[in-house]
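Asker: The residues making up each chain are set out below.
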Amino acid sequence: MNFWEYLVNRHQQLLTDAYQHASAVFQCMVVATVLGVLIGVVTYRSEWAGNLATLVTSTILTIPSLAMIGLLIPIVGLGVAPTVVTLTLYGLLPIVRNSIVGLRGVDPTLVDAATGIGMSRLKRLVRIELPLAWPPILTGIRVSTQMLMGIAAIAAYASGPGLGNLIFRGIASLGSANALNQVLAGTLGIIVLALLFDAAYVLIGRLTISRGIRV
Amino acid sequence: MSESHGANIELENLSKRYPGNPQPAVDNVTMEIKAGETVIFVGPSGCGKSTTLKMINRLIEPSSGRIRINGEDVTHIDPVKLRRKVGYAIQASGLFPHMTVAQNIALVPKMIGWSASRVRERVEEMLDLVGLDPGEFHGRYPRQLSGGQQQRVGVARALAADPPVLLMDEPFGAVDPITRDHLQDELIRLQRELHKTIVFVTHDFDEAIKLGDRIAVLRERSHIAQFDTPEAILTNPADDFVSGFVGAGAALKRLNLSRVRDVEITDYPTVSVDDPLQTIFNSLRASGTNEILLLDKRGRPYKWLRRGDLMRAKGSLARAGTLVHDTVTRDATLRDALEAVLTDNTGRVAVTGRRGEYTGVVDMETLMNSVHELLEADRLDAMEHQHELEETRSALTHAEQEGHGGEPKA
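First to last, the sequence lines map onto chains A and B. So for the first sequence, full-length UniProt numbering puts the first residue at 1; every next one is plus one. So for the second sequence, full-length UniProt numbering puts the first residue at 1; every next one is plus one.
Everything labelled a hint here was simulated from the structure, so no lab data went into it. Just so it is clear, the structure is predicted and the values come from calculations on it, not from any experiment. Treat the hints loosely; a few may be bogus.
Examples of chain B residues lying across from chain A (beta carbon under 8 Å, computed) [stated by the list, open to error]:
#1 VAL80
#2 ALA92
#3 PHE96
#4 PRO97
#5 MET99
#6 VAL108
#7 LYS110
#8 MET111
#9 TRP114
#10 SER115
#11 ALA232
#12 PHE281
#13 MET311
Simulated DEER-style distance windows between Cβ atoms [what the hints assert, rightly or not]:
#14 ASP107(A) to ASP27(B): 49 to 59 Å
#15 PRO134(B) to LEU35(A): 36 to 46 Å
#16 VAL31(A) to GLU32(B): 52 to 62 Å
#17 LYS81(B) to ARG211(A): 51 to 61 Å
#18 TRP48(A) to LYS81(B): 49 to 59 Å
#19 LYS81(B) to ASP107(A): 24 to 34 Å
#20 ILE60(A) to GLU12(B): 52 to 62 Å
#21 TYR19(A) to GLU136(B): 43 to 53 Å
#22 GLY147(B) to ARG211(A): 38 to 48 Å
#23 ALA67(A) to ALA174(B): 49 to 59 Å
#24 VAL31(A) to GLU136(B): 44 to 54 Å
#25 ALA174(B) to ILE75(A): 33 to 43 Å
Positions of the beta carbon are idealized from the N, C-alpha and C atoms, including for glycine.
Required output: the full structure, derived from the provided sequences and hints.
Answerer: What follows is the structure, given as structure tokens:
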């Protein structure tokens, strides 16, 4: 069976895997974004808290993903749970860091002006600071997503969902008829998904970044 | 147009101390700013003038002292509420780049709960007020505007909710000198219409003279060196610090205090580009002057036509005459007018109205007479003051001598 025949033959299974992969990454990205921006908002004002948040999240990123999943199995069990926890933790760093950098980068005279015309702290954050910091935050989200696409493949090690299953199965049965096709299909699938997500982010950027600050 | 006129502001023993610094940044400032008055804080950088200004809307919380606006003690009310009643314009406009011009102006009216339709009307009105065409500028983003236009929108935003008080923190510090001059003229015109209480911070003494009803010259820690009208500060600086700040050329600076509208604006023969050539010829001959002023279709000064210009240009209006380089408005200072007269080789400058239309001319003779009168009046004032000073000084010396004379006996 050549690769093309394999794809046609197994397209049902492949699509399911791809859908689960995308869905896992998407859901973890939503959680990571909410958490990451929140951590950024809470810590950016203080020098040490901001640096601590960046330090902690970057330390998490240095743990090999396979080890992280392995370490999580005894705590949260097999399947979806370790996948979600791992992906969310890894997704945090770029978002937290870019949120802090973005919020700190807002021109202080604008913050001064916002306060001066009578905006409350919350209003200032929502109407002025976050919209101005949004382009770097969105970049962080984009980088996170690309990274999670790859890391999600490792989740199959803990019986997680997604295209990683194909890759692991293929590697385990190297030499057999469909082994190479499986690895190839898994890898290419991840690349295609990553590109699709990236295109979606470009679109989101066009829609959500004000024309006044778009580069 | 505007419902609320200025409110008076009282600052009472206002101080600001920062932790870890034994010297207060602002030390015990007490002053009263009358309703509808433009007061300028001027002083060297780091003298605390900005800090003092920011304490009025409590962007910087005073460490001690009291602020009253229209008699109401606002030292401890909710600062957010206070700031919505006090307009605030800052250097480089402080416009929010991600919002359109209209959204920027609408911010405060929306926050205080105006209806959408009222806000929309107000935005148009404010744009018109600061001399920007609402249709054209409404949907633009700040980065699509020039520095001067941004600054105008900044002022429009500060005034949008019609606050009785307007605080301006070096608002024209970041624009080029020509635009700056225009913006200053514009502010004078606005203030004549609106009668707000304006507190304006600058380090430029010339700007202070041009704009202020009264000027507070501040030295370090916001100590008031002199708080008086520009005329009084120019003719009677209180001490060496103030005279150092006034700088050289006080006589020329005096010209900044009088405006074109204060001197005689004379009529001058004009013709319009729409007039037939024959009419222009006739007016030139009948005028009894060397030149005649040619106005364009909208009545704005266009060219100076000399006798013979038309002949030389073979009857073509497009080629004849010299272009009008510079015009002044009625709000321009005599210094601007002098400048314009000196650079224009006709020895006079056209005065224009709000939309640039011709209203009259000012010539060298008028200016010289006015300057002469001004300086003469100042000299008299100064002599009187000198006399007063000498009297007090001799009284002091006298008292001192008496005192010394008394000491040995004691």
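Asker: Each hint: holds or not?
Answerer: Now the hints, each set against the structure:
1. The beta carbon of VAL80(B) comes within 5 Å of a beta carbon in chain A, closer than 8 Å, and the hint placing it at the interface holds.
2. Against a cut-off of 8 Å between C-beta atoms, the interface hint on ALA92(B) holds, since the closest Cβ of chain A lies about 7 Å away.
3. Because the smallest distance between the Cβ of PHE96(B) and any Cβ of chain A comes to about 6 Å, under 8 Å, the interface hint for this residue holds.
4. Hint status for PRO97(B) relative to chain A: holds, with the closest Cβ pair at about 5 Å, below 8 Å.
5. The interface hint given for MET99(B) holds, since its Cβ lies 7 Å from the closest Cβ of chain A, which is under the 8 Å cut-off.
6. Evaluation of the VAL108(B) hint against chain A yields a held restraint, the C-beta minimum of about 5 Å falling below 8 Å.
7. Interface restraint check for LYS110(B): the shortest CB-CB distance to chain A comes to about 10 Å, outside 8 Å, so the restraint is violated.
8. Against a cut-off of 8 Å between C-beta atoms, the interface hint on MET111(B) holds, since the closest Cβ of chain A lies about 6 Å away.
9. The interface hint given for TRP114(B) is broken, as the beta carbon of that residue sits about 14 Å from the closest beta carbon of chain A, more than 8 Å.
10. The interface hint given for SER115(B) is broken, as the beta carbon of that residue sits about 19 Å from the closest beta carbon of chain A, more than 8 Å.
11. A least Cβ separation of about 32 Å between ALA232(B) and chain A goes past the 8 Å threshold, and the interface hint is therefore violated.
12. Residue-level restraint check for PHE281(B) is violated (minimum Cβ-Cβ distance to chain A is 55 Å; threshold 8 Å).
13. Nearest Cβ of chain A to the Cβ of MET311(B): about 55 Å, over the 8 Å cut. The hint is violated.
14. ASP107(A) and ASP27(B) have their C-beta atoms about 31 Å apart, which leaves the hinted 49 to 59 Å range violated.
15. Our hint of 36 to 46 Å for PRO134(B) and LEU35(A) holds, since their Cβ atoms are close to 44 Å apart.
16. In this structure the hint that VAL31(A) and GLU32(B) lie 52 to 62 Å apart at CB holds, the actual value being about 58 Å.
17. The beta-carbon spacing between LYS81(B) and ARG211(A), approximately 33 Å, falls outside the hinted interval of 51 to 61 Å.
18. Taking the beta carbon of each, TRP48(A) and LYS81(B) are about 33 Å apart, not inside 49 to 59 Å as hinted.
19. Checked against the hint of 24 to 34 Å, the pair LYS81(B) and ASP107(A) passes, with Cβ atoms roughly 25 Å apart.
20. Checked against the hint of 52 to 62 Å, the pair ILE60(A) and GLU12(B) passes, with Cβ atoms roughly 55 Å apart.
21. Between TYR19(A) and GLU136(B), the C-beta spacing of about 50 Å keeps the proposed range 43 to 53 Å intact.
22. GLY147(B) and ARG211(A) have their C-beta atoms about 20 Å apart, which leaves the hinted 38 to 48 Å range violated.
23. Roughly 54 Å separates the CB atoms of ALA67(A) and ALA174(B), a value that falls within the hinted 49 to 59 Å.
24. Evaluation of the 44 to 54 Å hint for VAL31(A) and GLU136(B) yields a pass: the beta carbon distance comes to about 46 Å.
25. Hint check: ALA174(B) to ILE75(A), Cβ distance near 57 Å, so the stated range 33 to 43 Å is violated.
Of the numbered hints given earlier, the model fails hints 7, 9, 10, 11, 12, 13, 14, 17, 18, 22 and 25; all others are met.
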